[in-house]
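Same order as they appear, the protein sequences are chains A and B. So in our numbering the end of the first sequence lands on 138, straight run, no missing numbers. So in our numbering the end of the second sequence lands on 360, straight run, no missing numbers.
Treat each hint with caution, since some may be false.
If we take Cβ atoms under 10 Å as the criterion, some of the chain A residues that face chain B in the derived model are [said to hold, decoys possible]:
{"#": "1", "residue": "25"}
{"#": "2", "residue": "31"}
{"#": "3", "residue": "37"}
{"#": "4", "residue": "43"}
{"#": "5", "residue": "46"}
{"#": "6", "residue": "49"}
Since the hints were made in silico from the structure, they are not lab data. Virtual Cβ for every residue (Gly too), placed ideally from N, Cα, C.
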Amino acid sequence: MDPVPPQTKDFERLQRLLALKRHESPPPGFHERFPDLVRSRIARAEAEPASRWRRWLEQFSFNPAMATAYAAVATLLVFGGFWLSKSAATGNPQLANGQTLPVDTNQAGVLIASNAPPPGLFRTPSLPVQPAEFKR
Amino acid sequence: MSESAAAMPVASEAPVQPDDLTLVQQAQAGDAAAFDELVRRYQRQIYGVVYHMTSHHEDASDLAQEAFVKAWQALKSFKGDSSFFTWIYRIAVNRTLNHLKTRKFRESKHRFSINDLDAEAENHPDMVALVAHNTPRRDLALVELQERLNEAMAQLSENHRLVVTLHDIQGLPHEAIAQIMNCNTATVRTRLFYARQQLQGILSDYLK
């Protein structure tokens with residue numbers, strides 16, 4: 003079913019008015035000169051070839067589908083990267099919240115991954131305390 | 153013998169013009185004269201669509217030339233899936249839409265550079281009727297009417313302006329417009345309906 007109601011009669015006057023724009027014509031001789039203008043532009047373009055980057059951009063004006071495909075891939079990459087970074091940040095919560103088992107640090111081959119100093123490093127020796135005396 | 157002899161003068165009087173596909177194939181092989189013929193064949197329509205979209209002669213001239221230059225450069229990639237007519241129209245339309253988008257950023261208010269009306273316009277019955285009887289001011293000049301038409305067109309969105317240009321000004325059928333705009337005919341009809349409705353509101357003084 004056509005979504006547009008047929009109202010051609012209503013637009014008849016408007017169409018006649020718009021058709022008057024067909025009488026707008028370029029300066030005399032323009033269309034006679036036009037092929038020469040195109041030819042000289044082509045010659046100039048061939049003398050100074052566009053850069054590879056520019057040619058790559060230009061191809062989108064001929065093929066909008068390719069431009070859409072590139073845009074879709076770029077969007078997917080951005081969202082994929084964002085999603086990956088989010089999942090990496092919140093991906094293994096058990097490491098932070100999990101209970102750690104006590105490890106015998108005296109056992110050979112056990113590495114201590116902690117910011118705490120190894121046991122005994124800052125332990126001050128217990129010295130016998132002597133009461134102070136005033137000099138007489 | 154007599155049949156072929158009779159056919160000969162007709163053929164020599166009206167030389168058969170090569171079709172677009174033949175010219176495209178010749179141009180693809182490097183024949184610049186064949187491409188020249190394609191330019192001559194479609195320059196008026198291409199210039200027309202760009203001009204009615206931009207309401208600016210210099211921009212239209214520049215963009216139309218650019219479209220043909222790009223067509224020449226990309227001619228190798230033309231596979232004939234669509235007609236050359238549709239293909240060159242697409243190039244011109246895409247470049248014009250890009251130009252209009254960038255112009256929007258550059259200039260807040262665009263000035264027109266409208267072409268003169270041709271000699272036929274003054275005597276056109278519709279034009280005579282509009283200027284003489286159906287306008288709020290009887291002394292309205294043709295140029296003023298022309299400016300109002302262009303201003304009204306400029307108020308439409310690019311897609312709506314394009315569909316009005318292609319259908320109501322250039323007289324292309326819905327199917328051809330759908331191919332050029334890369335959409336279906338229902339979309340063309342819908343856009344045309346809303347564009348006309350909007351124009352009718354803007355130009356109501358002239359449509360009473």
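Discussion item. Take the shortest C-beta to C-beta distance between residue 25/A and chain B; is it under 10 Å?
Written reply: holds, 4 Å
Worksheet item: Should the hint that residue 31/A touches chain B count as held when the rule is a Cβ pair under 10 Å?
Response: Residue 31/A check fails; min Cβ-Cβ to chain B is 12 Å, beyond 10 Å.
Fill in: Interface hint for residue 43/A, Cβ within 10 Å of any Cβ on chain B
holds, 5 Å
Worksheet item: Against chain B, with CB atoms and a cut of 10 Å, does the hint on residue 37/A hold up?
Response: Constraint on residue 37/A satisfied, holds at 5 Å.
Practice prompt. Closer than 10 Å between Cβ atoms is the bar; does residue 46/A clear it against chain B? Give me holds or violated.
Written response: Residue 46/A check passes; min Cβ-Cβ to chain B is 9 Å, inside 10 Å.
Discussion item. So, as I understand it, the hint says residue 49/A touches chain B; can you test that by seeing if any CB pair is closer than 10 Å?
Written reply: At 13 Å from the nearest chain B Cβ, residue 49/A fails the 10 Å test, so the hint is violated.
Of the hints listed earlier, those the structure fails to meet are numbers 2, 6, in rising order.
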